[in-house]
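There are 2 protein chains.
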Amino acid sequence: MEFKKTQLDNGLTIVAEVNPSAASMATGFFVRTGSRDETPEISGVSHFLEHMMFKGTDRRTPMDVNREFDEIGANYNAFTAEENTVYYGAVLPEFQNRLLDLLGDMLRPALRQEDFDMEKNVIQEEIALYLDRPQFRVYERIMQEHFAGHPLGNSILGTTESIGALKRDQMQEYFDRRYSPGNVSLVGVGNLDWDAFVGKATEMCSHWKPFGVSRETPSCSGSQATEIILDEKVAREHVAFATPGPSAQDERRFAAELAAAIIGDDTGSRFYYALIEPALADEALLMFDPMDGAGAFIGFVSADPSRGAQAIKIARKELETFQNEGPTEAELKAAKNKIASSATLKGELPMGRLTAVGFDWVYRNEYKPLDDQIDALLAVSAEEVREVVRSFDITSTTLVGLGPLKSL
Amino acid sequence: MEFKKTQLDNGLTIVAEVNPSAASMATGFFVRTGSRDETPEISGVSHFLEHMMFKGTDRRTPMDVNREFDEIGANYNAFTAEENTVYYGAVLPEFQNRLLDLLGDMLRPALRQEDFDMEKNVIQEEIALYLDRPQFRVYERIMQEHFAGHPLGNSILGTTESIGALKRDQMQEYFDRRYSPGNVSLVGVGNLDWDAFVGKATEMCSHWKPFGVSRETPSCSGSQATEIILDEKVAREHVAFATPGPSAQDERRFAAELAAAIIGDDTGSRFYYALIEPALADEALLMFDPMDGAGAFIGFVSADPSRGAQAIKIARKELETFQNEGPTEAELKAAKNKIASSATLKGELPMGRLTAVGFDWVYRNEYKPLDDQIDALLAVSAEEVREVVRSFDITSTTLVGLGPLKSL
Numbered sequence: 185m186e187f188k189k190t191q192l193d194n195g196l197t198i199v200a201e202v203n204p205s206a207a208s209m210a211t212g213f214f215v216r217t218g219s220r221d222e223t224p225e226i227s228g229v230s231h232f233l234e235h236m237m238f239k240g241t242d243r244r245t246p247m248d249v250n251r252e253f254d255e256i257g258a259n260y261n262a263f264t265a266e267e268n269t270v271y272y273g274a275v276l277p278e279f280q281n282r283l284l285d286l287l288g289d290m291l292r293p294a295l296r297q298e299d300f301d302m303e304k305n306v307i308q309e310e311i312a313l314y315l316d317r318p319q320f321r322v323y324e325r326i327m328q329e330h331f332a333g334h335p336l337g338n339s340i341l342g343t344t345e346s347i348g349a350l351k352r353d354q355m356q357e358y359f360d361r362r363y364s365p366g367n368v369s370l371v372g373v374g375n376l377d378w379d380a381f382v383g384k385a386t387e388m389c390s391h392w393k394p395f396g397v398s399r400e401t402p403s404c405s406g407s408q409a410t411e412i413i414l415d416e417k418v419a420r421e422h423v424a425f426a427t428p429g430p431s432a433q434d435e436r437r438f439a440a441e442l443a444a445a446i447i448g449d450d451t452g453s454r455f456y457y458a459l460i461e462p463a464l465a466d467e468a469l470l471m472f473d474p475m476d477g478a479g480a481f482i483g484f485v486s487a488d489p490s491r492g493a494q495a496i497k498i499a500r501k502e503l504e505t506f507q508n509e510g511p512t513e514a515e516l517k518a519a520k521n522k523i524a525s526s527a528t529l530k531g532e533l534p535m536g537r538l539t540a541v542g543f544d545w546v547y548r549n550e551y552k553p554l555d556d557q558i559d560a561l562l563a564v565s566a567e568e569v570r571e572v573v574r575s576f577d578i579t580s581t582t583l584v585g586l587g588p589l590k591s592l
Numbered sequence: 185m186e187f188k189k190t191q192l193d194n195g196l197t198i199v200a201e202v203n204p205s206a207a208s209m210a211t212g213f214f215v216r217t218g219s220r221d222e223t224p225e226i227s228g229v230s231h232f233l234e235h236m237m238f239k240g241t242d243r244r245t246p247m248d249v250n251r252e253f254d255e256i257g258a259n260y261n262a263f264t265a266e267e268n269t270v271y272y273g274a275v276l277p278e279f280q281n282r283l284l285d286l287l288g289d290m291l292r293p294a295l296r297q298e299d300f301d302m303e304k305n306v307i308q309e310e311i312a313l314y315l316d317r318p319q320f321r322v323y324e325r326i327m328q329e330h331f332a333g334h335p336l337g338n339s340i341l342g343t344t345e346s347i348g349a350l351k352r353d354q355m356q357e358y359f360d361r362r363y364s365p366g367n368v369s370l371v372g373v374g375n376l377d378w379d380a381f382v383g384k385a386t387e388m389c390s391h392w393k394p395f396g397v398s399r400e401t402p403s404c405s406g407s408q409a410t411e412i413i414l415d416e417k418v419a420r421e422h423v424a425f426a427t428p429g430p431s432a433q434d435e436r437r438f439a440a441e442l443a444a445a446i447i448g449d450d451t452g453s454r455f456y457y458a459l460i461e462p463a464l465a466d467e468a469l470l471m472f473d474p475m476d477g478a479g480a481f482i483g484f485v486s487a488d489p490s491r492g493a494q495a496i497k498i499a500r501k502e503l504e505t506f507q508n509e510g511p512t513e514a515e516l517k518a519a520k521n522k523i524a525s526s527a528t529l530k531g532e533l534p535m536g537r538l539t540a541v542g543f544d545w546v547y548r549n550e551y552k553p554l555d556d557q558i559d560a561l562l563a564v565s566a567e568e569v570r571e572v573v574r575s576f577d578i579t580s581t582t583l584v585g586l587g588p589l590k591s592l
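Going down the list, the sequences are from chains A and B. Numbering of the first sequence is given in our numbering, commencing with residue 185 and proceeding in unit increments. Numbering of the second sequence is given in our numbering, commencing with residue 185 and proceeding in unit increments.
It should be emphasised that the hints constitute simulated quantities derived from the structure, not laboratory data. All figures in this text were calculated on a predicted structure; none of them were measured in a lab. It is possible that some hints are incorrect.
No copy labels: a pair is met if it fits in one copy or bridges any two.
[What the hints assert, rightly or not] List time: in silico BS3-like cross-link candidates among lysine-lysine, alpha-carbon distance up to 25 Å:
#, residue 1, residue 2
1, K188, K590
2, K497, K304
3, K189, K393
Please work from the sequences and hints to get the whole structure.
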């Protein structure tokens, strides 16, 4: 494994973890922009723009883009979240150049009015499909409630209304404000040819004009509100909750990841023994989500309405007990093994490693080989785990219930 | 890569694809049993039994099982389908022996009455959680409708009633009828020590008593029925359809896989251009599912109720056109690249390769290196793709609609 890094004159950074023994390579453009960088008038534009990147450039029609990905057998996609928009693909090494040509070209989209109008309908369909997915609805609401008034509370998809009213020129204006080369990192992993990689990136991206990009990153301790969305069409009670946690720049993130695994991993966790094994809930999870300048623990519980209130009471009690007592040594050791092993297994696949290397770079301008990550994790003490949940107070929860219950 | 194979005296087969350059190893017990091997009285027992395997043995409590998986940092799970139940895990090479000890022990479960009673509630919770997932409900119904009267129409989860009535002794009887060593394959992939693997497997499994196991594998051309499930609580119209296709033992399965990708892959397919791009549906997919002695193409369309009938009409039209004209050379080439590349990418990870090697063995008693699989795929002609859909007639669809529409 070798880490490589360079920067184009316009500010675009190129980093790669080269592994000549891999059978494939993966690459992605990591753009530091997302729903948190939107105003209410353009809510959902980051995600809509991500779709438009696949709709062609001055050189390519929408059909060309699809066809070329298929021709090189790329495993490709893109995603938009609160603070990143990522365009990526994995191919056999011989297609590295063609993949980079395609992705690099795509990132300067034509944004044709007719494609915009057509894709707007696709976005509306995507918003509509979540109507039948209560677990997604409750996730979106908990982010809005917990981060009320904070940019991280912005909706990723936007609403039927905001998307309906959005104009092509507003999207262009957003693009011209956020997609500066200095706000983009090109990341490569796996069996890639570094010189060719930089050469092609220079060809594709060095004409991108640089400009200043800013982002507010206030901290957030959460609204601690409780919201009940009564929906009798839903059969189960779906509950999401959130508490504050360390940010992506905070070294306590390793301790926080361990805390989340011990409390709410899908097997063998405290939630598992307290809620899943005794069949009080069909789902009971806690995840840690570190972001720019702020972080959160996000939990989910889904249960029969007759047991909804009881399940939440138990989940809260588990948070409280953990905060008071911290983890046992045995729990801590098992959680470390679980996370370390899972990172190693995932890291074997270039696609799995891409997001790890990319986000290390985007959030901290650092490269941390997998072994160093694991060492940092193994070094965390039980006291540090207890300290991180206590200092952020994971009992100060914001909560959203969605389903047939009028109260929780 | 080296393929290894042996058999214990009691009939249990052990196969492995050894790859010393991998960072991890994965192994799984592939048991040739599932819902198709059940009678109506014990509907759901295969899946319930899979859960009970994690509830301990004469040597281990339920808690021990969980704890040990965590101690070795295993990425582990199990799944039950119509015709296979698979228990698997991936670990760093140094934990190979402990993983095999645990999995091997688990496969002779204690089936304690108290654990059975407790886990029955967990299963009921799992059945209940699908109430809020229309896409799962419609999948279960299309299998029941298409394979009406055929064992592949049996429900995997069973019903609240069948699970409620199930007795521990019926589960034991099912176990004693299906879990013969001759009906089980132990599969390993990745960086594994073959001699130690066989040694440990012998220690764990050679005392398993052999007995005869049978399975009926009639072919099935599908009921071609249409069923409308009116459910006004669901916002979108969810439609599933099925047509006959080649079995897992039929060499035409490669052509069928290509046909499904060209017609209904999630991007760049005919369904994509006819339904997703013009925003007539939020989902439009076609998959090929080859099984023991019978196969099927399974499709899904989800759309706004006002466009439900139109979307299905268009999907049917696409099936008809494809059956008449076959694929273009460009479509065929792109689909080959896509599938070949995706198999290579997935094959890099031991966990990804495990199911491929395992199912080749279970269904065909063969080992096919990835390169041979890809060669077989690349050799398929446009005429063969056209011929496979025509000979099975993919226009003879069984269809299930779930949602607010009274007719389709």
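Hints, verified against the model:
1. K188 with K590: neither (56 Å within a copy, 60 Å between copies)
2. K497 with K304: between (42 Å within a copy, 23 Å between copies)
3. K189 with K393: Answer is within; shortest intra-copy Cα gap is 21 Å, inter-copy 60 Å.
Hint 1 alone, counting from the list given before, is not met by this structure.
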